[in-house]
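*Asks:* As a plain string of letters, each chain reads:
Number of protein chains: 2
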Amino acid sequence: MKENILKYLEKNKYVSGEILAEKLGISRVAIWKQIKKLKDLHYEIISHQNLGYCLVSRPDLLLPDEIQKGLDTDYMGHKIYYYRELESSNITAREKARSKKDEASEGTVIITEKQTGGKGRLGRKWFSPEGGIWLSIILYPHLSPAYIPRITLITAVAVVKAIKELTRIQGLIKWPNDILIHEKKVCGILTEMSAELDLINWLVIGLGINANIDHGEFPEEIKDTSISLKEILNQKISRVKLVQLFLREFEKCYNMINRKESALILNEWKLYSHTLGRKIKVKVGNRVVIGQATNINDKGALIIKKDNGECLEIISGTILK
Amino acid sequence: MKENILKYLEKNKYVSGEILAEKLGISRVAIWKQIKKLKDLHYEIISHQNLGYCLVSRPDLLLPDEIQKGLDTDYMGHKIYYYRELESSNITAREKARSKKDEASEGTVIITEKQTGGKGRLGRKWFSPEGGIWLSIILYPHLSPAYIPRITLITAVAVVKAIKELTRIQGLIKWPNDILIHEKKVCGILTEMSAELDLINWLVIGLGINANIDHGEFPEEIKDTSISLKEILNQKISRVKLVQLFLREFEKCYNMINRKESALILNEWKLYSHTLGRKIKVKVGNRVVIGQATNINDKGALIIKKDNGECLEIISGTILK
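Residue numbers (the working numbering), protein chains in the order written: chain A, 1 to 321; chain B, 1 to 321.
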């Protein structure tokens, strides 16, 4: 009903309650109640005694209706759970994934305006104030857990492409799970799964994008290494549009992985890589490996060539410099 | 208190309630209540008017007290949750692993006399009546998810060694997760984990051993492919002893994996392998691979040499014949 009212309000500058009631076959009191609900959702609607209702602006919120309006995907994001605040979207996504599948079908999205306990890899804190994009996708791929590095890579590719399409800015992927712009972190990815030896039971991909955050908001300890899209462009971006573009790109990449056609995406990954060709220092467990990042193999592992010529295949680690 | 009473009952053929009360500093009524509790736990205790109490037999149950008595491990099995019946020990273990760590510290064991919904790999049913050993171990290794095949392999090695020590019978490991005796399945292993890209959050290893099961009990569809230890030996085994031996062997293997010293255990695995050297047909996802199983690599993957000489590395699959 809310969506129908919005349709009329969008098509016309002013619509009277009487006309809305007639068109939608409900009472004027019911219309008034729906308008009130829309206002509660931060739709700015003014009422003029003679002319009726006028939609002044849509809310700057990641509301499911807003995202799904014109969402160009087959299933990704067709179910969205929305929260004004969560401890972390991954925690909620994991709970949903564990529960019955009808509550969280393939491609279900958890989205929140703010995280109070956002996390990055290995339990590191992730600053997640209002204005950013904090979402998690629930998936049930028929793939072995060995695919998890590839899935992280394709997610990064989808983020880079979505940002590029919206802003024309080229992000670069810092292996394994960060997106950099101007050498600073604009997005992080946290992939989590439940699996047995052969098969992923469920997969949750968490995404944190520094969208409309002012630089001054970043805590001191990450100020030098973080950046937001708003800061780069000197204006707010449409978070709804970015989520839509991401879901579309991600669905494409994910379908390819499921068809075991990851080679093409890995090539794209190489194209956007910030890591390849550099001399890097990587922390792998308790070890530190130093060498040239020469390639990424078909399993999504980074190949590092040490000074003595030895090549190492690294599934995951943290680049120290 | 129960343990203390049992100690006295074991040391002496008969002990009077009066002496027990005096030694343990509680009333005779309290002693009587404890004896009643022990009887409820299937300890067979008779009372003689003049002589006192006599322990006739310990229960044939996998009671934590029984397992922990003389358990020779540093931490494995130091916490045991015991159930007369569960849907599946892995389900309960997963719930505990997800909850606070103090409820399920490293090496916590879930054990049940019977599973109503026991599962093998890929959701296959696992027949789990009374008389078998159905247990799960909860672990938090600081290892990447890529270790899961190796962890399954070392578990198999620990089972084979424990069975050998108790019964002198040499089991063989059918890659990746079954133990065979006389070409029939005597044990299966189900490894499940929660992980992110880098790190296992928690790991649950489920074990099903056909211990004291009569062949007639096996359902028709697995009668030709299953066997029990009781059937092989023509007598009941001590399930408590087998669990103790397994926990000891497993702790040793698991410590080695944590120290990244898996090479030695992989050599043992090869020694007990039913699979290596055979021509096999393996289902890997939707593909079927046919070839000679030539080796297992340091990551725990099976190496198969196809007729055309090509070698494949297989992380997991199902051997069809």
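Hints listed in this document are in silico derivations from the structure and should not be mistaken for laboratory results. Note that the structure is a prediction, hence the values are computed from the model and not measured. A hint or two may mislead.
Identical chains blur together in the list; that is why a pair holds if it fits in one copy or across any two.
[To be verified] Mimicking DSS-like on lysine-lysine, the simulated pairs with C-alpha atoms at most 30 angstroms apart in a straight line are:
| hint | residue 1 | residue 2 |
| --- | --- | --- |
| 1 | Lys114 | Lys101 |
| 2 | Lys260 | Lys305 |
| 3 | Lys13 | Lys161 |
| 4 | Lys33 | Lys69 |
| 5 | Lys37 | Lys184 |
| 6 | Lys299 | Lys174 |
*Asks:* So, for every hint listed, does it hold in this structure?
*Replies:* Against the structure, the hints come out as follows:
no., hint, verdict
1, Lys114 / Lys101, "both (26 angstroms within a copy, 28 angstroms between copies)"
2, Lys260 / Lys305, "both (28 angstroms within a copy, 22 angstroms between copies)"
3, Lys13 / Lys161, "neither (35 angstroms within a copy, 80 angstroms between copies)"
4, Lys33 / Lys69, "within (22 angstroms within a copy, 69 angstroms between copies)"
5, Lys37 / Lys184, "neither (40 angstroms within a copy, 66 angstroms between copies)"
6, Lys299 / Lys174, "both (17 angstroms within a copy, 26 angstroms between copies)"
Taken one by one, the earlier hints fail for this structure at numbers 3 and 5, listed in ascending order.
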